[in-house]
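Peer 1: In numbering that gives the first Met the number 0, the protein residues as written are 0 to 286.
A hint or two may mislead.
Said to hold, decoys possible - Per label pair, the in silico range of CB-to-CB distance:
1) 285 to 51: 44 to 54 angstroms
2) 26 to 158: 40 to 50 angstroms
3) 12 to 240: 38 to 48 angstroms
4) 8 to 227: 47 to 57 angstroms
5) 23 to 51: 15 to 25 angstroms
6) 33 to 265: 39 to 49 angstroms
7) 237 to 178: 47 to 57 angstroms
8) 168 to 137: 38 to 48 angstroms
Said to hold, decoys possible - The calculated lysine-lysine pairs, modelled on DSSO-like cross-linking and capped at a C-alpha distance of 30 angstroms, are:
9) 14 to 141
10) 1 to 141
11) 217 to 14
12) 240 to 14
13) 2 to 38
14) 117 to 23
15) 217 to 239
16) 94 to 181
17) 14 to 285
18) 242 to 217
19) 217 to 94
20) 217 to 23
21) 285 to 247
22) 281 to 239
23) 170 to 247
24) 281 to 204
25) 245 to 94
26) 141 to 217
27) 100 to 170
28) 239 to 285
29) 2 to 94
For the record, the hints were derived by calculation from the structure and aren't laboratory data. Glycine included, every Cβ here is placed at the ideal spot set by N, Cα and C.
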Amino acid sequence: MKKVFLLNAFACADKIDILRESIKNAMDGEEYEIIESQKSGDLTAVAKELKGCTVFSVGGDGTLFEVINGVAESDNEVFVIPAGSGNDFCRLLTKERDYRKVLADCRSYSVRSSDCGKAGDTYFANIASVGYDAEIVKNSVKFKNIPILRKFSYIISIFYTLFAYKCLDLKITIDGVVYDQKFLLAAFANGEYYGGGVHIAPTAKIDDGYLDVYLADKMNFIQILTILPRLLNGSHVNHKKIKVIKAKNVEVASETPFLLNLDGELFESNGTSIKIIENGIKYYCKN
């Protein structure tokens, strides 16, 4: 298969020369192509034109989001190179965190079919969410622009958001069952991690044909403060304020606009349908 490296030039700006050299060494004379993005959306447009390729997503979760919206439900295969600031989905494909080692060892990886999610017409590899964590993503931009804080921007924003956030009135229908109330957050998970290692959905599997829905009921300031450490390490699963539900199809509705978070990308919405796409993407993995 033709090998095409889709590289997020912004996310990888501080290592782009090293990446080019690492790719050259990994290919060892084999034919390949590197395409570097110039602006948001470039990689999706390029990926939609590819047929029967091994597509290397070189960057973080935002890069993968662009790539899968071009290649989901196609005959392309995706190889994720964890070279961005957030590499949460890649945790499920390999234990290796160093992009140079992943590239050097790329020939030992094998292809595995995986599910993906779809919210309206937009695919996501990892997790869709609304509520507290979508506000966290919005606020984290403030800290991503400070180099020394960039790696910890999501964690810092968790606590920053705590002081101003108000729970959302949402009507969430999960395979026909309605939950109409105030929520702290609702996460619809194909993968397990988001926000740079927050273990929001420890029960999720990327190949079981289901979304794992995590509904967190309305909580006061003290309750939120006490549950945060458990959200970080995954021990919140049995908390009395958390519901965990396996789902195929979900509808989210609200009388007021809300932020929808898809793999760290934000969209304003009044309502959306979310579903699992079984075997929607083929990934290279090594676990």
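Peer 1: Now tell me, hint by hint, if it's right for this structure.
Peer 2: Verification of the supplied hints:
1. For residue 285 and residue 51, the Cβ-Cβ distance of about 22 angstroms falls outside the hinted range of 44 to 54 angstroms, so the restraint is violated.
2. Between residue 26 and residue 158, the C-beta spacing of about 43 angstroms keeps the proposed range 40 to 50 angstroms intact.
3. In this structure the supplied range 38 to 48 angstroms holds for residue 12 paired with residue 240, their Cβ-Cβ distance being about 41 angstroms.
4. Range check, residue 8 to residue 227: about 35 angstroms between beta-carbon atoms, so the 47 to 57 angstroms window is missed.
5. A hinted range of 15 to 25 angstroms for the beta carbons of residue 23 and residue 51 is consistent with their spacing of about 23 angstroms.
6. Residue 33 and residue 265 have their C-beta atoms about 29 angstroms apart, which leaves the hinted 39 to 49 angstroms range violated.
7. For residue 237 and residue 178, the hinted distance range of 47 to 57 angstroms is not satisfied, since their beta carbons lie about 19 angstroms from each other.
8. About 19 angstroms separates the C-beta atoms of residue 168 and residue 137, a value inconsistent with the hinted range of 38 to 48 angstroms.
9. At roughly 22 angstroms between alpha-carbon atoms, residue 14 and residue 141 fall within 30 angstroms of each other, so this suggested pair holds.
10. Taking the CA atoms of residue 1 and residue 141, the gap is near 39 angstroms; set against the 30 angstroms cutoff, the hint is violated.
11. As the CA atoms of residue 217 and residue 14 are separated by approximately 42 angstroms, the hinted pair breaks the 30 angstroms bound.
12. Distance hint between residue 240 and residue 14 is unfulfilled; the C-alpha atoms sit about 43 angstroms from each other, more than 30 angstroms.
13. About 22 angstroms separates the Cα atoms of residue 2 and residue 38, which keeps this hinted pair within 30 angstroms; it holds.
14. For the suggested pair residue 117 and residue 23, the alpha carbons sit about 34 angstroms apart, so the restraint of at most 30 angstroms is broken.
15. With a CA separation close to 12 angstroms, the supplied pair residue 217 and residue 239 stays within the 30 angstroms bound.
16. Annotation: proposed proximity of residue 94 to residue 181 is violated, straight-line Cα distance about 37 angstroms (limit 30 angstroms).
17. Straight-line distance between C-alpha atoms of residue 14 and residue 285 comes to about 24 angstroms, which keeps the hinted pair within the 30 angstroms bound.
18. With a C-alpha separation of about 12 angstroms, the suggested pairing of residue 242 with residue 217 holds against the 30 angstroms cut-off.
19. Our distance criterion of 30 angstroms between C-alpha atoms is broken by residue 217 and residue 94, whose separation comes to about 35 angstroms.
20. Pair hint residue 217 plus residue 23 does not hold up; C-alpha atoms about 51 angstroms apart against a cutoff of 30 angstroms.
21. With a C-alpha separation of about 27 angstroms, the suggested pairing of residue 285 with residue 247 holds against the 30 angstroms cut-off.
22. Only pairs whose Cα atoms come within 30 angstroms are accepted, and residue 281 paired with residue 239 is rejected, the gap being roughly 37 angstroms.
23. For a cut-off of 30 angstroms, the pair hint linking residue 170 to residue 247 stands: about 17 angstroms separates their Cα positions.
24. Only pairs whose Cα atoms come within 30 angstroms are accepted, and residue 281 paired with residue 204 is accepted, the gap being roughly 15 angstroms.
25. Annotation: proposed proximity of residue 245 to residue 94 holds, straight-line Cα distance about 26 angstroms (limit 30 angstroms).
26. Restraint check: the Cα-Cα separation between residue 141 and residue 217 comes to about 26 angstroms, which is no more than 30 angstroms; the hinted pair holds.
27. Our distance criterion of 30 angstroms between C-alpha atoms is broken by residue 100 and residue 170, whose separation comes to about 45 angstroms.
28. The straight-line distance between the Cα atoms of residue 239 and residue 285 is roughly 36 angstroms, outside the 30 angstroms bound, and the hint therefore fails.
29. Simply put, residue 2 and residue 94 have alpha-carbon atoms about 23 angstroms apart, close enough for the 30 angstroms limit, and the pair holds.
Violated hints, in rising order: 1, 4, 6, 7, 8, 10, 11, 12, 14, 16, 19, 20, 22, 27, 28; the structure is consistent with all others.
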